[in-house]
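Protein sequence lines correspond, in order, to chains V and B.
The opening position of the first sequence corresponds to residue 1 in the numbering used here, with each subsequent residue numbered one higher.
The opening position of the second sequence corresponds to residue 1 in the numbering used here, with each subsequent residue numbered one higher.
Possibly wrong hints are sitting among the right ones.
Each pair may be met inside one copy or between any two copies, as identical chains are not told apart.
[Stated by the list, open to error] SDA-like, lysine to any residue: derived pairs with alpha carbons at most 20 Å apart:
| # | residue 1 | residue 2 |
| --- | --- | --- |
| 1 | Lys407 | Asn440 |
| 2 | Lys291 | Arg58 |
| 3 | Lys339 | Gly582 |
| 4 | Lys248 | Lys366 |
| 5 | Lys249 | Pro149 |
| 6 | Lys339 | Asp177 |
| 7 | Lys290 | Gln355 |
| 8 | Lys245 | Pro360 |
| 9 | Lys32 | Ser220 |
| 10 | Lys249 | Ala344 |
| 11 | Lys290 | Ala318 |
| 12 | Lys339 | Leu204 |
| 13 | Lys201 | Leu337 |
By construction, these hints were calculated from the structure, which means they are not laboratory data.
Protein chains: 2
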Amino acid sequence: MDNVIMWLQIWGANTNVGKTVISTGIVSQLLKRVAHCLYLKPVQTGYPPDDDAAFVQRHCKQLWKDDDRGVDQRLSCKKLFVFEQPLSAEEAARRQGEQVSDQQVMQAIWKEWENRHESAIIIETAGGVLSPLPSGTSQADGYRSLRLPVVLIGDGALGGISTTMTCYESLLLRGYDVPIIATIDQGYPNWEAWKRTIHEKDTLIIPFPPLPPKDIPLFSDWYLKPQVQQAFQSIVEHGNTYFTKRSKKWEEMEQNAPKLFWWPFTQHGSTLHPVIVDSAFGDNYQVAQKKSKGTHSRPPFFVFKSNEDSSSWHLLDAFDGVASWWTQGVGHAHIQLNKSMMKAAGRYGHVIFPQVIHQPAYQLSKELIETVGYPWANRAYYSDDGSTAIEIAIKMALRLYSTRHGKSQQQQQLEVLSFFGSYHGDTLGAMDCCPKGDYNELQSPWFQPKGVFIEPPRIGMQNGRWILDILNGNNNWFPTDSIANQVHWDSWDEMADWQRVDSEIGNMYQQYINKVLDSSSTIATLIIEPLIQGAGGMRLIDPCFQRILIQEAKKRGIPVIFDEVFSGIWRLGVLSSTHLLGVYPDIAAYAKLLTGGLLPMAVTLTTEEVFDAFKVFLRNRANRLLIV
Amino acid sequence: MDNVIMWLQIWGANTNVGKTVISTGIVSQLLKRVAHCLYLKPVQTGYPPDDDAAFVQRHCKQLWKDDDRGVDQRLSCKKLFVFEQPLSAEEAARRQGEQVSDQQVMQAIWKEWENRHESAIIIETAGGVLSPLPSGTSQADGYRSLRLPVVLIGDGALGGISTTMTCYESLLLRGYDVPIIATIDQGYPNWEAWKRTIHEKDTLIIPFPPLPPKDIPLFSDWYLKPQVQQAFQSIVEHGNTYFTKRSKKWEEMEQNAPKLFWWPFTQHGSTLHPVIVDSAFGDNYQVAQKKSKGTHSRPPFFVFKSNEDSSSWHLLDAFDGVASWWTQGVGHAHIQLNKSMMKAAGRYGHVIFPQVIHQPAYQLSKELIETVGYPWANRAYYSDDGSTAIEIAIKMALRLYSTRHGKSQQQQQLEVLSFFGSYHGDTLGAMDCCPKGDYNELQSPWFQPKGVFIEPPRIGMQNGRWILDILNGNNNWFPTDSIANQVHWDSWDEMADWQRVDSEIGNMYQQYINKVLDSSSTIATLIIEPLIQGAGGMRLIDPCFQRILIQEAKKRGIPVIFDEVFSGIWRLGVLSSTHLLGVYPDIAAYAKLLTGGLLPMAVTLTTEEVFDAFKVFLRNRANRLLIV
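Please construct the entire structure, taking both the sequences and the accompanying hints into account.
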């Protein structure tokens, strides 16, 4: 066990439930097993009368007084931030006029760890689980990026069943593992109720015998009771088992997951590089690796060396550079997002939607129509992902076209107008909006592009200036490259200026677009990713070209779909790409940032004209729009 | 306000935080406004020394002693179940040898309400939010079906920031509204921290001045302090505002939601019957209605009569008869399901999946392959809903067929074999697996059935016997109806007997199936809803026919897809329809019960042979299976 770096964080169901007493026993027990131990009290209030680090040091020294392995050298007990008033850390800091940010607390902890690399670290929190750090952030939120395994000191008093289990739930909500709940017997068998109701069944729940009266300052006798020694031993062993299980699970997953999973967007015949994501918080994953790869902003959380093989597991921070494919807006495991989901799940679970009104759907629809959909949209159609939102959009658009042009939609060939390099999803209808390419060609024999596809002029950046990047494309319609070569802009505003519609290039765009639209009788819908083609390679399309195209389509009664799955809801720095383009679609699809990725959900926004095109004043089942 | 029926439930952040003191003040204040008031203490422990109902009655009488409107007639204070020991209700009941179920507690509350119809009802809980009922169920879970608005009595002591906010979160997790948090000042400004951190910003957070010393048995002087009177007035007014807002929101939603929503599976040209679902629990919705319609198992929760118009809003229980389209297995807002989701959300939020391993995905894949997919499946491909799971299944099956038969999938017309009346979803690829029908014909001009469709023999029930229901179909291949008329079975086992494959009817099936399979060169996949066609009208298909068909398809190397979105994961009383059919598919799709509807998720299970058909030992992006 000497190879294990054991981190445990001690939390209390309330203040004064025995956190420091139990910490002392755990530290003392750990000293039997590891060479060095670090006890940290990051925030100490009521100091100096209250000094938990000194308490732990004093008692451990007393408990180890007959041992010649010098506890003074083997144990460091430190407090990092101290406040005089015996109040919440926030209130105490305020009264003292001191400001300590959450980041400062975390950095101070990391500094201790980097300087020492002790084999075991115990961090004791202050007060209860949601008691504030000096900044006002609850401890459970402030320490979340560590996600250390929890020793929850349960409340042994009357009422302690509830105070302990509510703390447990608040820890669960923040994704903590709670392998151990310890408590001091105060005459109520609260732990029996916890055992019956606890959510994760491998938690060790362990009661300690009553403490000696308060007026005995050093109660070494209590610690030396066989029953107490036994209990501390169980805690340390269970902690060890927890860590062993955890790395064994990584071992098992690394071996077996590639045999069970069929990953999306992955060619399994190639060499795979699976990543074990142990948890995620903010912009980072916590990744478990057999050995440290590359550089990291800080050292591994914990290193586990198994006795059975020579490899060691590291737990590291890794930056989620693609924001989990653009779904993350406020970061992973955002507490407010999670609370909102929890409330909705607790209030409804899932309820069927046809002809049902409920508050979350109402509130969301109202806000969508007043924000991303403003001022053009007034109907919200919900589905599960970007692909389904596009399938719905296509059904809407083709029906609208048929209605506008007074034709039956069954009696004609209806196609989309779209760009090379576009991507709208992987269900068949979404695939059929795209030209042949990497993402679809071999995917299904049923794939059959149903569109007129053109190569749009792109915008690039060269030497800090926006340039027209027209040469790499298939733009044989663009007369010479000499004009393109002359064109550049010093700022976004200049490049995105509406005036450009009337420029020489704008006129060329106009001519080409008219030619495309007038030479086809099948174009029934324009579908574009506004401004940027995401999956197509983050290609910026000339907004001038898109503006003219949209206007010309609208003139001809061709419905316009914006696929805003990637670009919508602040991804481009604005609520919707309509704010950058200055033109509106008839239909737009949103997903990804809509839920911050927390659960699959998409919405297709549209106008009353589209909605009305589906109304039939007959009880005809077939005239419903059906995708769910 | 006399028209308002106000229900409030008083919860404590801990025991001994002043629940009864505050209840008394609220009741006393309510008596100024309503004719009759009922105070209920459903569970009283430590009785008779502790008798909260008597405390409320005594103090209200004292506070109203100068009033001639006879408080004795206007106020009923009742306890419903009493226990001697001053312990948790569970422990007290156990020691007393009494068993009181949650249902008994709820029925006793309803009985009081039915017999009285008071204008205001205050229900006081015992101990903390998660303190147990006599059964051991936490109060927050046991009282959930009422979902009464909460007055949370916050903990004013040191540590009370945490104990109160953890209780708040546990209430949120169960979907409660917490319009009011009250607390008694004990020298710590805990309420200021609550104000800063509370999740729902319209909660009234209100402190009361310190109580007089414990040894004053009747502290009327405290109640009569202007500051205290003011605070109780605020609580009652805020309660009133809460109820007003709530019914105004129903009013607003009823009016505006039909202008914002585009409901799925709804013909908006027909007369609509929107239902306002205020919450859901177990098998029931709580529905808000302008007036009571139909009969209900119990009276409305609360009736609100607005002064502004003559209509009144009722809140009623309504049975979710279709299990929210077969998504519900364990009922709405199931606490264990919600806790599991909460833990996952807190630990990860959402993380991208390609080449990522994490524990929930690993655990689920393992369990799926060991349960519903046993013994045939060994790969799990996740997506968002039944439609996407089917799109994936189709891509898999067509690729497998091509690989097995050594053909390029692009160079041939590949179709499915499927049944009339089948339904597989509403994305284009899923639609194309079905024949023309109500669910697709007018939906999209791109819809083009890609299959050979046959009418399967159905099984019906007549006079308690299973009969072959072949006459209603298009089965012109079935020689005479005389045979069919002779066929019936007394039990499911008899009807579903494998021996029937060799019966006279089985032979007829065999001939027909051979004819269908041998006469088409395009059939590349068999896709069926095993046993029951769900959306097609809950039609039971003769299992004997399906067995023969599956066996014959397999003989010819035609991959078999089971669409188990409806039938899978215990919906038919077994883990998978494979247990009833006794034959296995190559690919199967699951959704709905997979998450109990809690969030959209689907999985397509398949074999290693299918998986291998997608492996290319080149870095070729196009050979990935792409749907996500």
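Results for each hint:
1. Lys407 with Asn440: Classified as between; 18 Å across copies, 31 Å inside a copy.
2. Lys291 with Arg58: neither (38 Å within a copy, 71 Å between copies)
3. Lys339 with Gly582: neither (36 Å within a copy, 45 Å between copies)
4. Lys248 with Lys366: between (49 Å within a copy, 16 Å between copies)
5. Lys249 with Pro149: Within one copy only: 16 Å inside, 43 Å across.
6. Lys339 with Asp177: So Lys339 and Asp177 pass the 20 Å test inside a copy (18 Å) and across (13 Å) alike.
7. Lys290 with Gln355: Classified as between: cross-chain Cα gap 16 Å, same-chain 53 Å, threshold 20 Å.
8. Lys245 with Pro360: between (40 Å within a copy, 15 Å between copies)
9. Lys32 with Ser220: Result: close within a single copy only, 17 Å intra versus 60 Å inter.
10. Lys249 with Ala344: between (32 Å within a copy, 17 Å between copies)
11. Lys290 with Ala318: For Lys290 and Ala318, the Cα distance is within 20 Å only inside one copy (14 Å; across copies 54 Å).
12. Lys339 with Leu204: between (27 Å within a copy, 19 Å between copies)
13. Lys201 with Leu337: Close across copies (15 Å), not inside one copy (27 Å); limit 20 Å.
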